[in-house]
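J.: Those protein sequences? They're chains A and B, same order as listed.
Under the working numbering, the first residue of the first sequence is numbered 1, with each subsequent residue one higher.
Under the working numbering, the first residue of the second sequence is numbered 1001, with each subsequent residue one higher.
It is worth saying that the hints were derived from the structure and are not from the lab.
Note that the structure is a prediction, hence the values are computed from the model and not measured.
Any given hint might turn out to be false.
Claimed, not checked - Subject to a maximum C-alpha distance of 30 Å in a straight line, what follows is the list of computed DSSO-like cross-link-like pairs (lysine-lysine):
{"id": "1", "chain 1": "A", "residue 1": "K45", "chain 2": "A", "residue 2": "K22"}
{"id": "2", "chain 1": "B", "residue 1": "K1086", "chain 2": "A", "residue 2": "K166"}
{"id": "3", "chain 1": "B", "residue 1": "K1439", "chain 2": "B", "residue 2": "K1333"}
{"id": "4", "chain 1": "B", "residue 1": "K1459", "chain 2": "B", "residue 2": "K1400"}
{"id": "5", "chain 1": "B", "residue 1": "K1086", "chain 2": "A", "residue 2": "K54"}
{"id": "6", "chain 1": "B", "residue 1": "K1481", "chain 2": "B", "residue 2": "K1424"}
{"id": "7", "chain 1": "B", "residue 1": "K1063", "chain 2": "A", "residue 2": "K167"}
{"id": "8", "chain 1": "B", "residue 1": "K1331", "chain 2": "A", "residue 2": "K171"}
{"id": "9", "chain 1": "A", "residue 1": "K101", "chain 2": "B", "residue 2": "K1333"}
{"id": "10", "chain 1": "A", "residue 1": "K139", "chain 2": "B", "residue 2": "K1092"}
{"id": "11", "chain 1": "A", "residue 1": "K45", "chain 2": "B", "residue 2": "K1086"}
{"id": "12", "chain 1": "B", "residue 1": "K1410", "chain 2": "B", "residue 2": "K1439"}
{"id": "13", "chain 1": "B", "residue 1": "K1459", "chain 2": "B", "residue 2": "K1222"}
{"id": "14", "chain 1": "A", "residue 1": "K41", "chain 2": "A", "residue 2": "K139"}
{"id": "15", "chain 1": "A", "residue 1": "K127", "chain 2": "A", "residue 2": "K171"}
{"id": "16", "chain 1": "B", "residue 1": "K1333", "chain 2": "A", "residue 2": "K171"}
{"id": "17", "chain 1": "A", "residue 1": "K45", "chain 2": "B", "residue 2": "K1092"}
{"id": "18", "chain 1": "A", "residue 1": "K55", "chain 2": "B", "residue 2": "K1086"}
{"id": "19", "chain 1": "A", "residue 1": "K127", "chain 2": "B", "residue 2": "K1092"}
{"id": "20", "chain 1": "A", "residue 1": "K127", "chain 2": "A", "residue 2": "K22"}
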Amino acid sequence: MIASRYARALFQFAADRQAEDKVFEDIRMVEKILSENAQLKSALKNPLLGKDVKKQLLITSCGGKVHPVFERFIDLTLQNKREALLHNVALKYMDFYYESKNLAIVRLTTAFPLERDLENKLILSIKNLIHKDLMVEKKVEPNIIGGFILEIGDLRWDGSISRQLKKIHEKLTTGSIVRLS
Amino acid sequence: MSDNAIKVSEISDLLKRQLEQIDIDTHYDEVGEVLEVSDGVARIYGLTNVGSNELLEFENGVKAIAMNLEEDNVGAVLLGPTYLVKEGYTVKRTGRVASINVSEDMIGRVINPLGEPIDGRESIGGEFFEMPLERKAPGVIFRQPVSEPLQTGLKAIDAMIPIGRGQRELIIGDRQTGKTSITVDTIINQLDNFNAGDPVYCIYVAIGQKGSTIASLVNTLKEYGAMSYTIVVAAAAADPAALRYLAPYAGAAIGEYFRDTGRHALVIYDDLSKQAVAYREVSLILRRPPGREAYPGDIFYLHSRLLERAAKIIAQQEVAEQMNDLPECLKGKVKAGGTLTALPIIETQAGDISAYIPTNVISITDGQIFLDTDLFNEGIRPAINVGISVSRVGGNAQIKPMKKVAGTLKTDQAQFRELEAFTKFGSEMDAVTAMTIDKGQKNTQLLIQPLHKPLPVEKQVAILYCGTHGLLANIPLNKVKDFENNLLTLLEYSYKEEVLNQIKKGNFDDKVASLIEEAAEKIKIQMVG
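Please put together the full structure from these sequences, using the hints given.
T.: Shown next, in the form of structure tokens:
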């Protein structure tokens, strides 16, 4: 609740100054670091660290330089002692951003790199389906053996071989199987 | 290889058949990501379409229930250990509300609130009925007033605080006053019904109890043959708070299965104060605002919606079939006239029944049985305080002979308690007072009953007749127990058809009464001379 209020305020503030794209870059960086680095998350929650230290931490983790709009926002969150919510705010900001640009994030996981033709075909068909511009994040994950996993926002289409094998495993190991006797 | 060795082709065929049944079609999953995990609660980002109370599944198979739906996150309580879920895990919607798969094979088993067996025996088979844990209680038109008795086998309860099938009767008292024993005796007393082919299925829900306590309870039930019609749902003290909070709902869901298929069920919640504490724990971790005694605002609704599910379903089949909120699996299987009786237990601190949770549950239920530490220590067991125990609807469900014999017993006993308190100060008393006190003391003796020895109702009526009609006047106080035992033996051997069976059928005329008096006279002569 609180996080989405902050995110909405930041987005509107940035949009008024035509800086939403720049802020988005910073926000994306913060989100990535916060989800990968648990230590930073706990440092932000630590009441012993002062505002200046936390601000420096955040800016350094974003590569040493952030957009002035985002810097102001960091000041505001620190002043209101809401830095623990920063991760939520970042996620929410990204949602607002994608929505305003009519963008959809698509995560495509495959067992091996796809051929360009096939990939373009796939992307085009998704585009026609959801009528949005796509931001494709590709990932190669040999563990899924074959097939692909497609994630669009909250939705996931899991067409991997590993999932099918897992399904079969579940079916064979849980109660409802036919008894041999 | 021996003859009964499994042929390879058979296995392959079987496997092939199973493989054909497996649904490996892909479809959309709705997923979210774990942002934060702490003390049994996960905060999840995503899952925009998740419903309240929906079952979620983490990528490693741990389950959770979505409880807080906020704008930027979903708060879910974990149904497994917290350490198994880590930040960054994906969570999947299941599209189902939390439910339990009920099957007839559950009878005689010990299960957890998710329906998984925890007694170390084989997995539960049979036809499964998916009963939702949270379900709206039947509406007014699908109900009927309580009219059949639920015999507890305890003289004090069946005579003075009778319980009817479909009633909710609270058992309240301090620790160590015999609350659980009353319910165990009630379960044991349903053995006759089971043997007669008209079972009252019992569901004992243990919430936050020690594992050893649950084990010894199950042993006791087994010893008396009561596990043949009993299901024990256990969420022990070591289980996550979410499971302890859900356990009574699981018990109610199982009870509803029996109720809606036209049978009789009895569910015991032991105890709801611990469930309230578990719910408080969950609510506080979900950061819901605390109210009185730090319980959340909906703590009353927590218990009222649970206890409303106890009901006697209307006897008209065509009306019962239209029952509200019927789960899909029960459609077409509903039978009219089933009942679900609830015996919730509340533990008080130092006899304080005006604390928050006790007053709530007292106001929800159709009466309460109050157990007193002082009475317990005096040796009056079950330690029922007759003065403040009531049953608001059970009177209609008492069998006629019992009503006739014990009609005035409750008021008499209350009067005697009051007089007794007075006479403790002075020594002089008139003959009438002395008689009332003598009778009261003997009736108190008659109402004492040993543990796990429930008495069939016809014997209760016969023995209480002696008490209320002054047939014990010449028996010394310390011989009352012997008198009772001798009389019951004599009735069993010489008057079974004329007295006991008549009472059982509901006939209690002057002839039966005079036969009891005749038998009592014989015993008196034999004992006093």
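J.: If any of the earlier hints don't hold here, list their numbers in rising order.
T.: 3, 9 and 15
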